[in-house]
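J.: Sequence:
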Amino acid sequence: MRRDTSVAVEDLLDGEASRLEIELLSDWGGLERRILRPRIQKPGLALSGFVKHIYNDRVQVFGLTEIDYIVSSEIDLVRQGLETYCARELCCMVLTRGLEPPELLMEVARDHGIPVMRTPLLTSTFISRVTHHLEDLLSPRASIHGVLVDVLGVGLLIIGRSGVGKSEAALDLVLKGHRLVADDVVQVVVRPPDTVWGAATELHQHHMEIRGMGILNITNLFGVAAVRDNKKIEVVVELSDWHDDEYDRLGIDSNVWPILGVDIPLVRVPLRPGRNIASLIEVIARNQLLKVRGHDSAREFAEKVAARLVPEPHAPGVPATIADASSQPVSRDEVE
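Under the numbering used here, the first residue of the sequence shown is numbered 7, with each subsequent residue one higher.
Worth flagging that the hints you see were computed from the coordinates, not collected in a lab. Wrong hints could be hidden among the right ones.
[Unchecked claim] Keeping only pairs whose Cα atoms sit at most 30 Å apart, straight-line, the calculated DSS-like set for lysine-lysine is:
1. LYS310 x LYS238
2. LYS58 x LYS48
3. LYS182 x LYS58
[What the hints assert, rightly or not] Ranges between beta-carbon positions, derived for each pair:
4. GLY21 x GLU306: 50 to 58 Å
5. SER246 x LYS310: 23 to 31 Å
6. ASP74 x PRO264: 12 to 20 Å
7. TRP34 x SER168: 51 to 59 Å
8. LYS182 x THR131: 35 to 43 Å
9. TRP34 x LYS238: 36 to 44 Å
10. ASN261 x GLY159: 38 to 46 Å
11. GLY104 x ALA304: 52 to 60 Å
12. ALA304 x THR137: 33 to 41 Å
Cβ atoms here follow ideal geometry from the backbone N, Cα and C, with glycine treated the same way.
Go ahead and model the full structure; you've got the sequences and the hints to work with.
T.: Pasting the structure below:
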């Protein structure tokens with residue numbers, strides 16, 4: 007497992023963060039400063055000197071209210087508040103809505119080496135995007151040997167020993183009209199609130215390896231509708247060799263497979279000649295859709311069986327001892 011413990015401020019300016027539309031306004035460095043939390047912070051009362059709850063490892067966002075306060079308030083009061091605020095060694099400041107930075111703000115930021123940036127996005131839009139971007143960068147990650155497919159909108163991670171037929175089953179699913187996400191190596195990341203997403207590596211994206219055939223480009227073979235870039239993992243399907251008396255016949259037992267601390271429902275599918283694995287996996291996806299909507303076929307069946315096994319109440323007027331005796335088996339000696 008890998009977790010990025012921090013993100014450099016300069017990472018907000020690279021190509022992967024293009025949706026943030028950030029430009030650098032300052033020229034005094036500080037881009038090596040680290041961001042440790044995905045949540046941003048707006049200065050608020052900190053501009054007046056109350057900095058008790060200011061966290062220097064969060065992106066500081068200045069909107070119209072903050073800039074208007076700096077411009078319209080008494081200059082000495084604002085300078086004192088900014089000096090106290092910037093003395094917290096903030097990682098960076100970002101102005102939204104394409105606002106022009108006040109000279110006083112730039113001056114104090116320069117004195118403390120704090121990088122100042124700007125985005126044309128609305129404050130709410132920028133906060134949403136930068137939070138999502140930082141959550142993705144700071145979330146725990148891992149690589150799993152398996153195949154991830156999107157079946158009827160359900161993300162299924164197929165695992166099993168090498169050579170068990172994971173890729174072949176996924177290819178059958180693609181032929182049925184479902185979508186490949188990743189083959190062989192699945193990169194997983196945890197996103198709030200406790201969901202696990204998977205994707206392919208950049209090199210393996212939209213490709214699949216089939217033994218005896220080599221590497222296949224799924225996009226070229228079946229079109230762009232046969233692939234997708236990432237998918238939330240909702241069920242883990244384990245393909246295993248057949249072993250008698252090792253499986254839950256009713257499907258009541260709830261098994262889970264932990265991924266980065268998040269428990270994902272696990273379904274074990276034993277392999278045997280003649281079993282259509284792709285169809286079984288498709289049914290697993292359909293069954294998961296039912297469970298999400300509150301219908302558990304196995305438990306509903308078990309409840310019906312249990313209800314049939316409950317003894318019927320005694321008929322009115324018949325003593326309990328007689329009714330109980332009538333239901334007992336009669337031996338041959340008693341008949342004779």
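J.: May I ask which of the numbered hints given earlier this structure violates, with the numbers listed in increasing order?
T.: 1, 3, 6, 10
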